[in-house]
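Once you know that position 78 of the sequence shown is 78 in my numbering, the rest is easy, because the numbers rise by one and skip nothing.
It is possible that part of the hints are untrue.
Taking lysine-lysine pairs in the BS3-like style, the calculated list, with each CA pair at most 30 Å apart, reads [unchecked claim]:
hint, residue 1, residue 2
1, 208, 73
2, 238, 68
3, 238, 248
4, 207, 46
5, 183, 122
6, 183, 86
7, 236, 46
8, 238, 251
9, 48, 17
10, 240, 263
Keep in mind the hints are simulated off the structure, nothing from the lab.
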Amino acid sequence: MALDHKYDFIMYVTVKKANPNGDPLNGNRPRIDYDGFGEISDVCLKRKIRNRMMDLGESVFVQSNERKIDNCKSLQERFEKIPSLKTESDPDRIVEIASSIWTDVRSFGQVFAFGKNANNKKGISVGIRGPVSIHTGISEEVVEISSMQITKSVNSVSNKKNPTIRSSDTMGNKHRVEFGTYKIVGSINPQLSEITGFNENDVEILKKSLLTIFENDASSSRPEGSMEVSRLYWFKHKSKIGDYPASKVHKCVKLEIQDPNLKDFNRYRIVENIPNTFERNEKGDLVELNYK
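Could you put the whole structure together from the sequences, leaning on the hints where they help?
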């Protein structure tokens, strides 16, 4: 059953000595804007959410190579592995079938643009708009990025002529954000949920994925515990169109520096200007706000 309520959310993520989202076009340095504020792309966030959905036992269409749970080498192969999709040419049926199978398609939407094959000589091009939208995460302050040079003790490829010479890939750099708190906002559109079948159970899966977004996500650039969800505000409106515009809801919680010497979330004072028409319920790092 489709949603009867609009949802908005605000999430604060604290980063300490980690690279939250490297830029491959800039030596994998943490992403920043022209003013020096840190960024975490919406694509990066959706990848982490998809990984958590898989950890929670959900079926996911866009799987990364490191985390894929099938033998499919491409999205087209995964699409055509479903018999009913392999031979289907009606766009509405493709939307219906794909949304019913994959949670990420039901949540974020997907573009199915595949060339012709033995069963579909014309190929397909079907776009699905998902109800869940997530903005790029932006840091509350200008972030300080530090770099260190690293070396490997062995060569990746041997030099047969002179084994004592180190190859060029034995040296490199690692970059990290010393400290930063990022604000991430998003919404769930009930009208679009009618197209994909996104329901209340999917809402709970998304909420749980956000709260645990950094579990099973550790790496050398993001050591265990270096990134954490400090607070998640979850707004449930009373109607499909929402009681307040998303732009207003996303601005109703702000952070102000209260102790510049601290390098954790206690550095800030939370300033809330939440409309009193929302009833508050706190559950640890989760603050649920239901329209009265």
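Can you list which hints this structure breaks, lowest number first? Violated hints (numbers, rising): 2, 5, 6, 10; every other hint is consistent with the structure.
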